[in-house]
Amino acid sequence: MMKNLVLVPLFALLGACASTQTPAEKVILKVTHLFSHATFEPQATIAEADIFALPKHEQDNFLAYYDNELKRGIRPDKAVFKYLEHRLDSFTYDGDTLTAQESLQRNEGNCISLAILTQAYANLAQVETTFREVGTIPVFRKNNNTILVSNHFRTKLLAPKSPNSSDKFEIIRAGTVVDYFPAQDSFYIDTATYQDLVAKYYANKSVDALLAEDYNQSFSMLTKALHYAPYDPELINISAVLHRRSGLPAVALTIFEYANTHALTSQNLLVNYLSLAKTQTNPQLVELLEASLENSAETPFDKIQLAQRSIKKGNYNKAIRELKEVILETPYIPEPYFELARIYYTKGDIEKTERLLTLAIERSSDPEKRSLFQAKRNAIPEQLSKNTK
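According to mature numbering (1 follows the signal peptide of the UniProt record, and there is no 0), the residues represented by the sequence shown are -18 to -1, 1 to 371, in order.
Worth flagging that the hints you see were computed from the coordinates, not collected in a lab.
Given the structure is predicted, the values throughout are model-derived calculations rather than measurements.
We put the CB at the ideal spot given by N, CA and C, even for glycine.
Some hints here could point you the wrong way.
Straight-line distance between alpha carbons at most 30 angstroms, and here's what the computed DSSO-like set of lysine-lysine pairs gives [stated by the list, open to error]:
| hint | residue 1 | residue 2 |
| --- | --- | --- |
| 1 | K143 | K60 |
| 2 | K38 | K60 |
| 3 | K300 | K285 |
| 4 | K358 | K294 |
| 5 | K53 | K64 |
| 6 | K329 | K12 |
| 7 | K358 | K285 |
| 8 | K300 | K358 |
| 9 | K53 | K38 |
| 10 | K306 | K285 |
| 11 | K138 | K53 |
| 12 | K12 | K64 |
| 13 | K53 | K12 |
| 14 | K294 | K334 |
| 15 | K206 | K138 |
| 16 | K138 | K285 |
| 17 | K329 | K295 |
For each label pair, taking beta carbons as the anchor points, the in silico distance ranges come out as [said to hold, decoys possible]:
| hint | residue 1 | residue 2 | range |
| --- | --- | --- | --- |
| 18 | A141 | E272 | 39 to 49 angstroms |
| 19 | V9 | N264 | 49 to 59 angstroms |
| 20 | K329 | L11 | 48 to 58 angstroms |
| 21 | G229 | V268 | 40 to 50 angstroms |
| 22 | K64 | S347 | 55 to 65 angstroms |
| 23 | K143 | D331 | 54 to 64 angstroms |
| 24 | N43 | P313 | 39 to 49 angstroms |
| 25 | Q290 | G229 | 22 to 32 angstroms |
| 26 | Q266 | K64 | 55 to 65 angstroms |
| 27 | D76 | S347 | 34 to 44 angstroms |
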């Protein structure tokens, strides 16, 4: 699973794995031209090849297994998958973003780490890959005014092209999907490329350094990420957040304006931009950004965030409408039921609260989420008892 971030109350930062969005009509100035390069001291960063490098003995083990599978008539993509399945039998999830070699040494890693490891074996086998970003709305973990969330990154090992494929139009290329942490409460966001995968490795490392207040390292990793995905809104968002945290709000504002001007925005970027705009004397900009947030919500996560903002403003009826729309679109996701339960509990409707919490529990495939929702439901009788005393 890939680590993403949302910083609050001042920042919303997402090291997402969405595919790079490049302006189609014309090439525009890259955001790095707006950076205050003199503010940061460049640090050493890992080379792209080293991210995917495997020890010699591991290469030999894999290739021996792979060649034997091919002799048995196993398709190349399936042979790579079978080796991964065996090699990762005792692999455990961890939030760190690791290289292929680190993942093997520690026998753990997050979603990006596992996609990197898969790519490392695919490189050896010369098997083509594609990627998908699959969104989830996970449990939030706070870290110094930062809320950590997770996104899901899936790899597809592509089967060899048919000898006659040049004469045919392939709608969907055959292959094997590698999904280490399947979740029923997930939703498709976008396709991604190898370039995006490399960018996300550096982006996650940049975010880690940012949280540790190592701004020089964060800057160095971020510039590497932007080399691979120069127009990714989330990387532009991180750029603005980094400059603001480094005491350069004017540069951050310029970066946000650049993103807005060139339509390189995301919900997280707009939230950050709005936060900074509220410190300025520009009510028209605040109003414009508020409207942009309302109109640009695309994923269920975006729409739930809108409802949460409505709740904070006390607009419960509006929030209820927004959450019910999410349920109509994605009835299998637990979060809208949980948010509705919070509203009805505030309104004193305990029957609806309990029913909605039950639905949230039933629809959650994440044990941590399920425990949280169950704990909230179990606490209702106790809270009611206290209120009646």
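Exercise. Provide an ascending list of the numbers of those earlier hints which the structure does not satisfy.
Key: Structure breaks hints 6, 12, 13, 19, 21, 22, 27.
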